[in-house]
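Novice: Protein chains in written order, with UniProt numbering: chain A, 1 to 362; chain B, 1 to 1038.
One should not assume that every hint holds.
Straight-line C-alpha distance at most 27 Å; calculated DSS-like pairs for lysine-lysine [stated by the list, open to error]:
no., chain 1, residue 1, chain 2, residue 2
1, A, Lys142, A, Lys117
2, A, Lys146, B, Lys45
3, A, Lys323, A, Lys358
4, A, Lys256, A, Lys268
5, A, Lys142, A, Lys126
6, A, Lys142, B, Lys45
7, A, Lys152, B, Lys45
8, B, Lys745, B, Lys523
9, A, Lys75, B, Lys45
10, B, Lys745, B, Lys522
11, A, Lys323, A, Lys268
12, A, Lys142, A, Lys152
Hints in this document: simulated from the structure, not taken from any laboratory. Source: prediction; values computed, not measured.
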Amino acid sequence: MAVELDVFVGNTTIMDEEVYQLWLDGYTVNDAVRARMEGGVLDEFDATADVLLSDTMDQYRTFQMCERLLHSPAKLANQLLFQIPPHRQTMLIERYYAFDDVFVREVLGKKLSKGTKKDLDDISAKTGVTLKSCRRQFDNFKRIFKVVEELKGPLVENIRQHFLLSDKLARDYAAIVFFANNRFETGKKKLQYITFQDFAFCAGQLINNWTVGAVGEGLWLLPLANMDVDLDKEFLQELKELKVLITDKDLLDQHKSLVCTALRGKTKAFNEMEANFKNLSRGLVNIATKLTNTKDVRDFFIDLVEKFIEPCRSDRWTAADVKLYLTHYTNSAHILDTFKHQVVWDRYMGVIKSCIFKMYHD
Amino acid sequence: MPGKLKAKIVAGRHLPVMDRASDLTDAFVEVKFGNTTFKTDVCPKSLNPQWNSEWFKFEVDDEDLQDEPLQITVLDHDTYSANDAIGKVYIDIDPLLCTEAASIISGWFPIYDTIHGIRGEINVLVKVELFNDLNRFRQSSCGVKFFCTTSIPYSYRAVMVHGFVEELVVNEDPEYQWIDRIRTPRASNEARQRLISLMSGELQRKIGLKVLEMGGNAVVGYLQCFDLEGESGLVVRAIGTACTLEKFSSGSASITCPHPSTAPPSNACNSPKDGKESPLAHGCRSTHNSPVHSACSSQRLSQNFSVSVPTLIFTGMGSGGSAGKEAGPLKTLLRQQTQTTLEQREFPFFTLTSFPPGFLVHVGGVVSARSVKLLDRIHNPDEPETRDAWWEEIRQEIKSHAKALGCHAVVGYSENTSICEEVCILSASGTAAILNPRYMREGCLDVGSIDHRFDDPSPPNCGFCHIPYDELNMPFPAQLAYCYQCRRQKVPDVLFTTIDLPAEAAVTGKGCLIQARLCRLKKKAQGEVNATAISNLLPFMEYELHTQLMNKLKLRSMNALFGLHIQISVGENMLLGLASATGVYLTALPAPGGIQIAGKTPGDLNNEQHVAAIQKRINDAIAKNKELYQINPPELTDEGVGSPIPEPRQRSRIFRSHSESSDELSELDLSHGKKDAFVLEIDDTDAVEDIHSLLTDAPPPAGFHSCSTETMPGIYNWTSGIQMFTSVRVLRLNNTNLTNQGLNKIFTDLCENLLKSFYFKLRSTVPCCLCHLNFTVAVPEEELVQVSVTAVAMTFDKDQNQEKPPEKATTKGGSETEDQLQFPLELSADSSSTSPQPSKISGVAENTIVSTRAVSVDYGSFADRCSTWLELLRLKAHTIRRGSVKTISSLEHCSPLPEGRSRSLCSSRSFGVGSVTMVKMTPLSFLPGTRIIKYLGIINMFFIRETTSLREEGGVSGFLHSFIAEVFAMVRAHVAALGGNAVVSYSMKDCVLMENPNKNQAQCLINVSGDAVICVRETDQEQTTNTGQTCGTIDGAT
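Isolated chain B (complex conformation) (with noise of 0.2 Å):
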C-alpha cells in the first residue's frame, strides 16, 4: 500500500441557486478516487455551506495516484427525486507525488460544470502521504519531476540530459460510443473529461517510467497533445527530454567561486576544436533549390492507408532535399565520435528551444517531415502499435534529415498533428545541429578543468552559426561566407531554426515577428484519393510558406529567423498554412541583399515602369524596415575575407524556382522551368500575390514590437508588467467561389487584423513587446477559418532599449546586469559546479547551470502594494510550513490545517478586498523582474463547455469569451491551491470549438498546460534566500 490520499472538504461559497422555491441550496459533495467514494453530510439551505468535514483517506497504489485525478462533485440534496448535480473539481494531485514540489493542496476552487459554466467555488485540503517502495519493477514513477519549459528550469543544473522520450496512448473516445446515444450530454462530457484526465496520468506515468530506466529525474520540455481522431478513437501523445537536475543551493556555490565577475560563461559556444579539430574548412554556398522532397513511396498498411512523406529542410536560404539519407563521408573524425554517443541513442532529439551556454555548438538548419495518413478504428486500446509506427517513421525521416546536414541531433524538436475527418497530418519538426563534444562523452565532466580546455578564441557569440556540414560535399546548393565576427569559419547567408535565439549570440538591430501564410483550394474527396491530394498539395505549400518567409525576411534586411513554426491544417475543401518566427540580423552572417523585380518582356516600355515602380516600393519598404528595426551593420570590406562576393544581379534577387541540387529528383518536379533563379517575374500571378502579401504586411505602430520566440533580439531591459491573452477568431467564409488568391488575401487580412487589434487592445502598455505570439491555425468547418492566438504583452523600458548592455552574457531574463552583480553565487555555479555523475552508457552529460534569472511578481502596474507584501507573507508562511508538515507526516498524524496556511489564509482575510491571490500566466519560461524560486508540479487540463442556449450565451463570441476566462480562472485556482503566484510556459494546445447556431448549441473543448511556480519579485531577494535557507535546514533537520 504504498500511499495514502488525504481530502478535506471545508466550505462553498456562491453556490448557485437550486431550490426555486427557498431560493437557497442544499449542498453536500462526494469525494470520489478511484472506485472509493465519500460523502459529506448536507448543508441545509445554503449557498456558502460551511461542511468542515473529516479527512477523507483513500488508501491506494502509487500507480493509480499518478494516473487517477481526486474527483470532487458538488450535489444538491432532494428528497424526493434525485439529487441535482452543480458541478465537480478534478484535482490533479501530481505535483503532491514529488517531494520538491507542492506538499499541500489547498484553497479555494471553481465548481465547474460543463453545461453551465463555473457554479460557484469550494474549498479543499488534500494531502499525500507516500511510503517508500522498493520494489524494483514497479509500474509507477512518483517523483519524477515534469516541466513544460523549454529550458533548463531556473534554479536547476542539468548534470546530464539523457535525451528524447516519447510515449502515446490511444482509446475510444466516449462521444462516439454507443451509450453515447442514451445518456446526457453532461454525461458524455464529464466520461471524456475524466478519460483524458486518466489517460494523461498513465502517460505521464510511463514517460516517467522511461526516465527513471535511463537514470533521470525529470523530464524538461514536456509536451502532451490530443489527437482527437472521431470514429476511430482519442490520442493522447506526449514527448519531453530527459533530463537529470540538480537543484543548486547558493551556498556552496560561493565558496567555491570568489570571482562572480569572472563567471559569465566565456566557453559559450565553443567550436568543438580542442585538440582533434578537424583539418576542413567549415564552408558553404548559399542555396537556392527549390523544395527536394523526398517523398517516400506509398505504403500500404493492411489497416491504414498512408501516402507519401514530402518532407523539407530548411537551410539557410534553401529548402534543401534531404540528399542522400545516409550522408556519411561529410563527418570529421571529431563528429564521428561524438556522433557515436548519441547514434546509439533512437533519436537524438532534444525538445529544449534554449540551453545552457556551450550546450550548442552549430546549427544546420530546419528539419521537418510530414505525412499523410488515413485514420482506422483503433482496434485494440493497448497495442498503440499503428501510431507508434506512423510517429516512428516521421522521426526517422527527421533523424535522417539531420544527418544529411552533418549534425548528429535535432533540438527544438515538436511534433504535432492535423485532423479533418479520416485524413491525418503528422507534422515533426526541429533545428538540426552539433551539441558540444563535451556534453556527449561518456560519463561524467571533469568541470574543474573545463575552462582551459575547451578556451575557444573564436569569439562565443558566432560560434553556433558556423556550418556544421562539409563545404565540399553539401547537402544541398549554398552560398556561404567567412563569417562576419570571427573571421574564421564559414557561415551561410541565411539561417533558419526553430529554437530559440541563444542568449550570447550578437544580434545588430531587433528583431520582428516574421509571418508566412498560405491557403490551398483543394478538391473535396474521400479516403485514398483525398489523403493522395492533400499530399500532393504539401510540398506546394511549404515550398510557397518558405518562400514567403524568405523574402519578407529580405524586405526587413535581416538574415536569419528563430523560433520556426509552421503549421498545416487540413480541412474538407482547403489546406492552410501558418509559418512564425522571429526574424533578426545576426551580426555573424552576411547582409542580406535586397529584391530585385524583373519583367517578362523587357521590351515592353510600359511594363518597364511597371517593373520599376514595384521595384522601387520594395527598395524604399527596405530603407525604412533598416531604420524601424536600427539596422546598421558595420560596414565591412568584404575584399579582405575569402569569400566571392556575389553578382549584384544575384544577391539581390528573389528566390524562386529551381534547385540546381544535384539530388536525384523527387517524383514531383515543382520547379518553376529553368528560369534565372532569383528574380520575381511580375508576369507570374503567383509574383504578384508575393509582392503584394510583401507590401500589405504592416509594421507595429510605434512602440510595440512582436516576436514568435520567449524575447526580442535587441530588447534587453524588462520592465515587470505582463498581460498574457488568448485571442481566437473565426471566419466564415460565404463565397464559394474563392480562388487561391482570394483565400490568401482573406487568410491574410484575418492575421494582419488580429495583430492590429492586439495592438489596439494593448496600446496602454507601451512600449511593450508581444512575446511568444503562438498562433493556430484550423479549418473546423467546410467554410470557417479559426485563428487562435496565445501571447503575453511585456513592458520594457524605453529609455534603454537602444543598445544591448555590453559586455556580458545577456539572457533574456532581462536586467541581467543587476543579475550579476547582485547574486553572484547562482551564476558563479556556472564555472565551478563540481557534481561528478556515475558515468551513463549514453548519456548527454551536460554542467552548466542555468544562469539565475531572477524573476518576482510585480504588482506595481496591476495591483497595489500591499497584495505583493500580502503574497511575501503567504511565502514565507508557505515555505517555513512545508518543514512542519514534513514532520507532520512522517509521525503520520495530521493536523487540519497546516500553520503556515491557516494563519497565511487568516492574513489575506484581513484584506477583505483583494482576498484571491493574484496569479499571473505567461506563456515564456520566466517572469520578468522576479525570479522563480520554485516548480510546484505541472499544470495539464483539459475542459470541455456545452451549451445548448447558445444565443442567451451572447452567442459563440459569448459562449467561448466566458469558457476562456473559465479555463484561465481554473487554471489560476489549481496554482495559488498549490501555493503558486504564477504559471510559466503556459500554452493553450487546443481549442477545438464546434456550433450548430440553427440548434442553438454550441461545444468547445481546450487543454491547456503550463507550469506552477512560486516567484518573487527580485527586490525581496535578501529575505527570500533567507527563507530558503530556513526552509533549507528545517527541511534537513526532519
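If we strip away everything but chain A, and leave its shape as in the complex, we get (with noise of 0.2 Å):
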C-alpha cells in the first residue's frame, strides 16, 4: 500500500511562510519534515508525520510551479495561475529575493559569471548556507544584474519597479549591483572585518555622489545607460587637480596648520594626528587622483583601510577623533586661498567621510 497520488489546491493559492523559508534556504522535503516536527508544529496541532510530509509536498511542489514567475516578479501580479492575494505577493517576492549576509559578503565585488557559480560549493561550505539557497540568491543577483544593466534612470528606483522589492531590499541590490559592475575588491583578509551592510552602506554614497546620475534630476534624460552603475569619469579627471593639495609644499603645511589649530586640545590624540598629518593627507588624496584607473577604483575600499583606517587604529584613534579630524581636514581646504577646486573637493571628501565613519569599527 502506498500514496500514489495525493495534491491539495486551494482556489486561493494556500503557502505557509515557514514552509517557504525551508524551501527558500534549500531544505529538502525530508530535511523540512524533520526541521517542521523539531519546530513543534505536531505539538501545537495534534497531527502525525505522515500529515506533515503530504502538507509539505504539496507546498513545495506550489513554490516549485510559482519559482517561474517569481522570476519576473511583474508576472506575479498578472498571472491567472495562481490566485494569491496582493500583500502574499508581496510577502513571496521580497523573501525570494531576500539574501544571506554571510553569502553576499563572499560573492560581492566578484563578476557575476559562470566561474563565480562554479565556486558555489566552496561558499557553500564556508558559510553554511546550503548549495541550493546559495545558487537561487547567486541567480537573483544575476537576474537583477543583466535588466537594470540595459535600463536608464536611477538604478534604485530601477530594481524596485522591474522586482517589486521594497526600499530596503532594493538599495542592497543596488549595492551589489554596483559593486559587481566596479569589481570593487572586498575579499582581501584585511577587508573582512567589514560587513556587507557596511559596504551597502558605500555604495549608496558612491551611487548618490560619484554617479553620472547623481549629478542632477536633468541629466538622466541624456541618453546615457548606466549611470547609477558606472563613476561619473569627468568627476574622476577632476580628482586628479587635488594633487595639487600634497605636492604644492606652502599649500600642505598651511592646511596642515589650519587643521591642527582647530584640533587642538580637542582630543588626545592630538600628538598622533599632527604627526600622520602629511602621511593621511597623502593617502587620502592619492586615492583620489588614481580613480581614474579602473584597477585602482577595484583597490579603493582596500586603500581606505590601509592609507588611512589602518594608521589611525594603530594610532587608537576613537571613531570620535576619525569623526573630528575629517571635519576639520575637509572644512579647512575651504579656507586655503590657493586651492580653487572646492566644488570636487567636497563631492569627494563627503564620500570619503561618510565611508570612512562607517568603515571604521573592529
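Need the complex rebuilt from these two chains, each delivered in its own frame; the hints are there to steer you.
Specialist: Here is the structure:
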C-alpha cells in the first residue's frame, strides 16, 4: 500500500511562510519535515508525520510552480494560474529575493559569471548556506544585474519597479549591482571585518554622489545607460586636480596648520594627528587622483583601509577622533586661498568621510 | 438569421517562446465558430503581441449559438513549415444569450494546450446580437436560465416550480475512433474537448426546450454528468428542476409590506391541515429491518444485459423495503388530492435540496435505486433509447419507493454512474417528501390570503419531521413517538434525508460529518457473470453502509442525517462504498438510545469482561460526543407522551440483522438469522469491524467543524473568510491478498487521513467549518483507490456560536439578523408577493421568495481593501455599462470597447499589483457576508490534460496539481470575463486520471460546473441598491 498521488489545491493558493522559508533555505522535503517536527507544529496541532509530509510536498510543489513567476515578479501580479492576494505576493517576492549577508559578502564585487557560480560549492561549505540557496541567491543577483544593466534611470528605482522589492532590499541590490559592475575588491583579509551592510552603505554613498546620475535630476534625460552604475568619468578626471594639496608644499603646510589649530586641545590623539597629518593627507589625495584607473577603483576600499583606517587604528584614534579630524580636514581646505577645487573637494570628501565613518570599527 | 456573434482579439501576453533561435514568437490567432474561421495578422517577434483586430462577425442560427463554443486558437507563424499551435481557448457564449445574464465577455483567458497546459493569456471581446425569432417550432431555447444552485437563486422568486427535466445525448468517443490511431494525442484530446462542449451545449438547448414547453423560464439544480463508456461511447446527461423565476424588485415589495418585522415566514413547514385535515393520526414505529431489496427479475434486452436492481429505502432507522409498489391505501384524502397534480407528471422529482419556507411539508426518508447494466456500443447516436430506458426504469423505481413511503414527491434528487470496463452501475437517490398542497394546486396562488388560511398551530420548526405515511399501514416496521416539539403528531426515531437541513428546523447542539466507508472484494469476471456478481453484492453493501451510518449516528447521540450521499464505485476486483452526511440532533425527534454490546457466550467470564470493556469505551465515546457537539436536549417526561417507552434493552442496541417486515421476501435473504435484532455481538467478525470503525473515527480537532451539507447546523454567524479547495489522493494496494477487513481499514484510514490533512492545512483559519465536504471515490485501475474531495472552509465568529439567534427563521446565509433589519424590503416580499400567473395544468405553483441572504466579497482576510474598492468600481462600471451596451446593440452599431469596461480596465491597471480580479469559488449557493446581486450564467467546462513527460512534471502529483490549478485559473478567468467576481455551487463532477509511469505518460479529464455571479459585500449594500436602481432605469429607458 503506497500513496500514489496526493494533492491539495486551494482556489486561493495556500502557502505556509515557515515552509516557504525552509524551501528558500534549500531544505529537501525530508529535511523540511524534520525541521517542522522539531519546530513543534505537531505539538500545537495533533497531527502525524504523514500529514506533515503530505503538506510539505504540496507546498514545495506550489513553490516550484511559482518559482518561474518569481523570476519576473511583475508577472506574478497579472498571471492567472495562482490566485494569491497582493500582500501575500509581496511577501513571496520579498522573501525570494532576500539573501544571507554571509553569502553576499563572499560574492560581493565578484564578476557574476559562470566561473563564480562554479565556486558556489566552496562558498556553501564556508558559509553553511545550502548550495541550493546559494544558487538561488546568486541567480537573483545575476538576474537583477542583467535587467538593470540595460535600463536607464535611477538604479534603486529601476530595481524596485522591475522586481517589486521593498526600498531597503532594492538599495541592497543596487549595492550588489554597483559592486559587481565596478568589481570592487572586498575579499582581501584586511577587509574581512567590514560587513555587507557597511559596504551597502558605502555603495549608496558612491551611487548618490560619484555617478553621472548623481549630478542632477535633468541629467537622466541624457541617453546614457548605467548612469548609476558607472562612476562619473569627468569627476574622476577632475579629482586629479586635488593633487595640488600634497604636491604644493606651502599648501600642504598651510592645510596642516589650519587643521591643527582647529584640533588643538579637542582630542587626546592630537599629537598623533599632528605627526601623521602629511601621511594621511597624502593617502587620501592619492586615492582620489588614481581613481581614473579601473584597477585603482577596484582597490578603493582596500586603499581606504590601508592608507587611512589602519594608521589611525594603530594610533588608537576613537571613532569620534576620526570624525573630528576628517571634518576639520575637509573644512580647512576651504580656507586655503590658492586651492580652487572646492566643489570637487566637497564631492570627494563627503563620500570619503561617510565611508570611513562606516568602516571605522573593529 | 437569428443571431450575430462578434469577436475581437485584442492582445496576448506571457506567450511561450516558440522560436528558439530568436527567443521570440510570431503569433497570430484563428477565431472559429461553426464552420467559419477568421484570422488575425501575424504579430511578429513578440511574446506580448497586440493584435487589436477588427470585429470578426459570425452570422449564425441561435441553435448553433447554443450548441457551439467559440474556438480561439493561438498559433506561431512559420514560413517554411506548418504553423505550430500554441494553445486554445473555448468560450461558451451561452451566458450572452440570456438578457438577464452577462452582456459582454471581455478579459484575459489562459491559452490552454492539452499537452503543455496554460501557455500565456489572450485578451478577447465577445458580443452577441440576437434577433427576435417568432418561429414557434424553433429548436433553440435561448433565454432559459440555468443554475447549478440547488435552491431558488437569490434575488429571484419562484413563481412556479414545474418539475423534473432530463435529457441525455450520446456519441462515439473520439478517443476510440479508428482515426485516433493516426492522429496526435493533441488532436485527439481537442476533438474530445470540442465534442463534449458541443454535446453539453446541445443538451442544455434540449433541456431548455423542454422547459419552454412546460412554460418555465429557468432550470434550477442543473446537474450535468458525463459517462465515459469507453468503446461503447460517450454519454452526456443532465437533470434539473424547471421553474418560472421572477427577479424581484425591492422597490415594489417595500410598498406592499410596511411591517418587515412580521416578514419571517410564519407558515414555514405547515402540515397540510387546512380544513381537510386527515383524521388519521400520523404515527410511526421505529424500524430495524434489513434491506429488503426488491430485486427486479433479470431482464434480457436484445442488445444489453441488465440484472437485478437492488434498491433500498432508508427511512428512519431502517432500510425499508419497497413494500408493495402501489402502496395506495395509506393515502389520505388530502394526499390523494394533492397527489393528483403531481402524478400527472411522469416523475415528481426535484433536484433542489433547500426550499422556500412552506414548500416542504413532510419528509419520508431516503429512497434510492441502483441498477447494474452491461454496456454495449451505441449504434445510433441519434437514438439514445437504451440509456433513456435504463434511467426511466430507475426513476420508476424511485417513484414507487416514494409512494411506498406515502409520499408523492422526491426532493434532493440526483443520479450518477460508476463504470468499469463494460459494467455500469446506475444509481439514483432522493428524499421522499410531501410538498405543500397549496403549491400543488392548479393555477396560481391566492397569495394575498395565504397566511390566514394556512396558519398552522403547530410549531413551524418540526412539521417536516412528522411522518408522511400512515401509522396503521406502515411501509416498514418503525418506532414512532409523538413529536418532541409540538406533541401532536408522530415522528420517527431517526430520519435520513438527501436534502439540506431546512432553515427553520430546530436543532439541538451542533452537527457533524458522518461517513460510512466500505470495501468489498469481488472476483474478476467478464460480462454477465461480472454484472450478476456485482448486483449480488450491492444490497449487502447498502446494508453495511446503512448500519455504519446508523451506528455512528448513535455514537454521536444524534438522530437525523441530512445531505446523505451514497456512492458505490466499481472496480475490476472490488466495490467501494462511501456514504457521507451531516448528522444532527433534531429537537423534534426522540433522543437516540445508546449502543449495547453483547457477548455471544454469556457464561464465559473473560468474554464478559471484554464485552464490558468495549461497552464502557462506547459509552464514554457517546458521553464525550454529547459534550463535543453540545447536545443537551431538554429533559422530557416521556410519560406524558403517548408513545410507548421502549424497553431499555431494546432501545440501546445496535440494530443489525433481520427485518421484521412483513414484506414478501426477496430472493436474497440478507438477514443474519433470527438473532435478537438490536444486539451487537462481538463474536461476529463484522461486528468487531463495526466497533473498530466506530471508535477510530477521530472527531475534528478543536476549532474545526465539518459537514457535508451547505452549512453546519448549529453555526449561524459566519464571517466572510472562505477557502475552497480540491484534494485528490490515490492509494496503490500492493498487497494482493487483502481481505475485506484489511481493505476496509485501508479505505477508512485513507478518508480519515484526508480529513486530518485538511484540518492541518487549514489550521490557521480556525475557528472554521469545512462545509459541503464532497467525497468522490473511484477505482481507476485494479489496485488503485482514488478519493477526490472538494469542499470549502468557512470561518465563523467563535463568540456567538453557542446559541442559535433566537426568534427568527435563520437561513444559512449567516448574519441574518442584520439582514432582516437592514433589508426588510426583500424579505417582506415573502408574505406579500402578488403575481398571479396564468394557470398551469400541472404546475407546482410556488410563490415564496428566497430570503435574501446578503452576500458580498470580503477581501479582508485574503486581499487588501484596495481591491474591494476596485471591485466595487468595476461593478458600478459594469452595471452602468449594461444599459449603454444595450442601446448600442439595438442601434446596431458597435463600439470597440464599451465605456464602462474600458474605464474599469484602466482603473484596475493603474493599481499595478493585483490587476487580476479576485474570484472566489465555493461549492455552496452563497458567500457568507456578501450578497449576490446578479447571476451571469452557468459555467460548465471540460478539460483534458495529457503528458508524455510525467517525471519532468513532478510525477502524477505534480501533473495533477498543476492541472487542477489550471482548471481553477480557467474557471476564474471565464467568470472575470463575464464581469463576475465569484462562482457559487461549484463542483468538480469528474476527475478521471489515467497514468502509465513506465511510459512516463498520464492523462486526466476534469469536468467542473458552477454559477458565475456578481456579489457585493453586505456593507456595500446601499450603494449597490442604488446602482441596481440606476441600472433598472437605464434598462427601462432603452
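Novice: Now tell me if each hint is right for this structure.
Specialist: Structure-based check of all given hints:
1. A:Lys142 with A:Lys117: Since the Cα atoms of lysine 142 of chain A and lysine 117 of chain A sit roughly 10 Å apart, the hinted pair holds (cutoff 27 Å).
2. A:Lys146 with B:Lys45: holds, 21 Å
3. A:Lys323 with A:Lys358: The given pair, whose Cα atoms are some 11 Å apart, holds under the 27 Å limit.
4. A:Lys256 with A:Lys268: Roughly 18 Å between the alpha carbons, so the hint for lysine 256 of chain A and lysine 268 of chain A holds.
5. A:Lys142 with A:Lys126: holds, 21 Å
6. A:Lys142 with B:Lys45: holds, 25 Å
7. A:Lys152 with B:Lys45: holds, 23 Å
8. B:Lys745 with B:Lys523: holds, 20 Å
9. A:Lys75 with B:Lys45: holds, 19 Å
10. B:Lys745 with B:Lys522: holds, 17 Å
11. A:Lys323 with A:Lys268: holds, 14 Å
12. A:Lys142 with A:Lys152: Holds. Lysine 142 of chain A to lysine 152 of chain A sits at ~18 Å (cutoff 27 Å).
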